[in-house]
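K.L.:
Given next are the chains, with one letter for each unit.
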Amino acid sequence: MAQVRQAADARAAAQSRVRLELLTELIRKDLKVKYKNSALGFVWSLANPLLYLAVFTLVFSFFLQGNVPWFAVLFMSGYLIWSFFNSASLDATGAVVGNANLVRKVRFPRVVLPLASVGFAGVHLALQLLVFFLFLVPFYPDAFGPQLWLVAPALAVAVVFTVAMSLLASSLNVRYRDVQHLLEITLLAWFWLTPIVYPVTVVRDKLAGAGLLWMFKFYMANPMTSVVVAAQRAIYVHPVVTGNDGDLVQVLPAGGYGFYLQWLAVAAAISAGLLVVGLWTFRRLQADFAEEL
Amino acid sequence: MASPTIVAAGVGKRFLLHHKRATSLKERLLLHRQSSSEAFWALRDVDLQIGAGQTVGLIGPNGSGKSTLLKVLSGILAPTTGTVSVRGRIASLLELGAGFNGELTGRENIYLNAAILGLSRRETERYFDEIVAFAELEPFIDNQVKHYSSGQYVRLGFAVAVHVSPDILLVDEVLAVGDESFQRKCLNKIGEFQQRGCTILFVTHALDLIPRICSRGVVLDHGRVLHDGDPVEAAERLRSLLGTGADQSGGGAGPAAERPRVTAVRLFDPASGAEKGHFRGGEAMAVEFDVASPAGSAPVAVRLAVTGPADVPMWVMDSDPLHPGPDGLATVRFTVKELPQLKGIYAFAVAVRDPASNVTYDARRFSEAFLAVGDTGTGVLEVVWTTEQVENQVER
Ligand SMILES: Nc1ncnc2c1ncn2[C@@H]1O[C@H](COP(=O)(O)OP(=O)(O)OP(=O)(O)O)[C@@H](O)[C@H]1O
Ligand SMILES: [Mg+2]
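Protein sequences appear in the order of chains A and B. As numbered in our numbering, residues 27 to 319 make up the first sequence, in order. As numbered in our numbering, residues 10 to 405 make up the second sequence, in order.
It is possible that some hints are incorrect.
[Said to hold, decoys possible] Under the rule of at most 20 Å between Cα atoms (straight-line distance), these lysine-lysine pairs were calculated in the PhoX-like manner:
# : chain 1 : residue 1 : chain 2 : residue 2
1 : A       : 62        : B       : 155
2 : B       : 155       : A       : 58
3 : B       : 155       : A       : 60
4 : A       : 232       : A       : 243
5 : B       : 285       : B       : 346
6 : B       : 285       : B       : 352
[What the hints assert, rightly or not] Label pairs and their in silico Cβ distance ranges:
#  : chain 1 : residue 1 : chain 2 : residue 2 : range
7  : B       : 148       : A       : 39        : 36 to 44 Å
8  : B       : 214       : A       : 206       : 34 to 42 Å
9  : B       : 159       : A       : 178       : 48 to 56 Å
10 : B       : 39        : A       : 156       : 45 to 53 Å
11 : A       : 76        : B       : 71        : 55 to 63 Å
12 : A       : 76        : B       : 26        : 52 to 60 Å
13 : B       : 30        : A       : 85        : 45 to 53 Å
14 : B       : 46        : A       : 71        : 41 to 49 Å
Hints were generated in silico from the structure; no laboratory data involved. Here the structure is a predicted model, which means the values were calculated and not measured. Note that beta-carbon positions come from the ideal geometry of N, C-alpha and C, so glycine has one too.
Based on the provided sequences and hints, a complete structural model is requested.
P.N.:
Structural data, given as C-alpha cells:
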C-alpha cells in the first residue's frame, strides 16, 4: 500500500517538477514549429554567422578601413553571445502568452516555458559557435590557444543572466503586454552600450581622456559587457595587435585574466541576484497565469 | 473508503472582474488610476474528499463552477481560499482540447502532450501505437492538428490522456463531440479505469450518464456544493433545479411537503372521464395535476408547457391561482377543446409557481405524456384551452 502511494506521489511530482525530458520536448516543438516547411530556414540560421563574417570582413577591410585587423572575429565573438541573450529574452517574453492553450488546460511547471525559449536560443548558439569555430580553424587558428577556456565561464554567466531576464520578462508580460515592446527598445539601446561593434578599450580611453575613468566601472557593471569582453579575450586572443596602419593598437584590456575574471565574478553576482528576483516574480505571478490569459 | 486521492478543503475561487485595469506598464506608470474591480466567487466553501477508485459525476447548471473546480483540482488555477491536495498523476481533458499545438502533427503532439503529462520519451514510444489505434487516426497522424475535425481533436486528446496511465482523470464535457462509437469506446475505457482503481471526476450535461457510470454525484450551484452522494439523487436534484423536472415518480409526499409541489398527473378524455394516452388531432384532452402545499401557504399557480420532440415547447397554459383545501391539496385541470394536428410523442413540463412573484417552487417533467396521432401539423399552433380548479379527486 505504502509503495503504491509512493509511486503515485512520484508521478504527481513528475508533473510539477522541471524535467529535462519536458524541456527538450518543448524545445523540439519550438524548432519544429519555427522551421516547419522550411528545412532551408534552419540552414539559414546556421549560415547566419558565416554571412555576418563575410560581410563584416568585406566592410571592415575595404570600405571602413578600421584599424583593427580581423575585426570580424572580434565582432562575432561578442555578437553570437549577444544574439543568444537577445533572442532568448525576446522569445521568452512571449513564451507564456504564446502557449496560452497549454497554460489554460494542462498542469505542468510553467517555468519550463521561458526555459525552453532559452534552450531554443541555446541550440542555435551551440550550432552557430560550431560553425564559427569551423571557420576559425583555417582562418584564425590563434583562437585555439590556452585562453579559450575563458569562453566557459563567460557562457555560464550569460546563461544565468539570460534565464533571469527571461523569467522576469515572460511573467511580467502576461500582466503587462507592452513589456515586449519595452524590451525590444531596451535591447536595442543595450546592444550599443555593449562593446560588440567597438572594442571596449575605446570606451575606457575616451573616459580616461575626459577624466572620467571612474565611470568605466559602471560601464563594466553591465553583465553582458563582462561576458562579451571575456568571450572576445578568449577567441580574439590578442589584447594588443599591430593595426592596419602598422602601429600597435590595444583592442582589449591587457595583463593576464585578472580583469576578465574579476568582472565575470561581478556579472555572476548580479546575474544570481537577478535570478532570485526573476524566480520570485515568476512564482508570484504564475498562480494567475491561467486567469489572465 | 480507500485513502483519498483528492482532498479539497474549504476551497473558494474568486475572480476579479476588472474595470479599467491597467493592462500595460505604460498605463500603470502614467495613470495612477485606482483600478476598480468586482469580486466574483465562482467557488465557495467546497469540501470534497474523493477516494482512490471513485468515479464522481460533477453536474450543475451553466456557470455553476464545474470547469473552475476541475481547474483548481488539477492545479491550473490557484484556489483563493482553502487547500487542494492531490495524489498521483492527473490527466485532464478540459473543455475541448488537451493543449495541442495546431502547427504540429498528431504524432508530434502525442509526444509533446505525453511529456507534459509526465511521461518519458521511451514510455511514450511504448504507448504510441496504442494511442493512435484507440483514436482511430492512423491515416491522419502525420497531418497537422489544425486540420483535424473537432471530433478527431477530442479523440486524440482522450486517447493520450487515458494511455498515460493516470491516477486521476478529470474530464470536462469532452465526450459530447465524439460520435457514438467513440463515446462507447470512451465509456468502456472509463469502466476499465474504474476496475484498475483510477479516480475519475467527470463533468457532463448528459444527466442520464451519471447514474450509469458514477458511484457518486456532486451537484454544484453558484459555486457551492448542493448535493454530494447518490448519483441518481444528484441528477434528480439538478433536474428540479433546472426546471426540467423529474420523470413521474408518482410518489406523493403528502400534504406536509415543505414547498408546494406536483404530486400526481392524470390525462383523460373530458367527455367520458376515461384515462387516455393517445389523442387524435381535433379531439378534446384534459390534464389534471394534484398540487400539495404546506399548511397555510399562499395560493399557487400552475404553468404547463406541452413540449414536442427535442423539448421544443408547443404551447403553454397558465392556471389561475389555486386555493389549497384544508389538507393542503388542490387539483387543477387544463382542458384543450380541440387538439391541433400533431404527430409524435409529447411531454409536459409543469411548474408550480407563486402567481405574484413568479418564483418557481417545483418543476417537473413528464416525458412521453401522450401520443398524438394525426396529420403532421405545420405552422403556428392555435390551441383553445380552459383551466379551472376542480374539487379534490385524490381518491380516483
Ligand atoms: N478567468 C475568469 N475570469 C472571470 N470569471 C470567470 C473566469 N473563469 C470563469 N469565470 C466565471 O466563473 C463562473 C463559473 O464558470 P465555469 O466555467 O466553472 O462554469 P461551468 O460550471 O463549467 O459552466 P458550463 O456548464 O457552461 O461549462 C462563470 O460565471 C464564469 O463566468
Ligand atoms: Mg464548463
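K.L.:
Could you run down the list of hints and mark each one as holding or not?
P.N.:
Checked hints:
1. A/62 / B/155: 14 Å, holds
2. B/155 / A/58: At roughly 15 Å apart (the allowed maximum being 20 Å), residue 58 of chain A and residue 155 of chain B satisfy the hint.
3. B/155 / A/60: Cα-Cα ~16 Å, so holds.
4. A/232 / A/243: 14 Å, holds
5. B/285 / B/346: 15 Å, holds
6. B/285 / B/352: At roughly 16 Å apart (the allowed maximum being 20 Å), residue 352 of chain B and residue 285 of chain B satisfy the hint.
7. B/148 / A/39: 36 to 44 Å: 38 Å, holds
8. B/214 / A/206: 34 to 42 Å: 40 Å Cβ-Cβ, so the 34 to 42 Å window holds.
9. B/159 / A/178: 48 to 56 Å: 51 Å, holds
10. B/39 / A/156: 45 to 53 Å: For residue 156 of chain A against residue 39 of chain B, whose Cβ atoms are near 47 Å apart, the range 45 to 53 Å holds.
11. A/76 / B/71: 55 to 63 Å: Roughly 59 Å apart at Cβ, these two residues keep to the hinted range, so it holds.
12. A/76 / B/26: 52 to 60 Å: For residue 26 of chain B against residue 76 of chain A, whose Cβ atoms are near 54 Å apart, the range 52 to 60 Å holds.
13. B/30 / A/85: 45 to 53 Å: 49 Å, holds
14. B/46 / A/71: 41 to 49 Å: Given about 44 Å between the Cβ atoms, the range holds.
The structure shown violates none of the earlier numbered hints.
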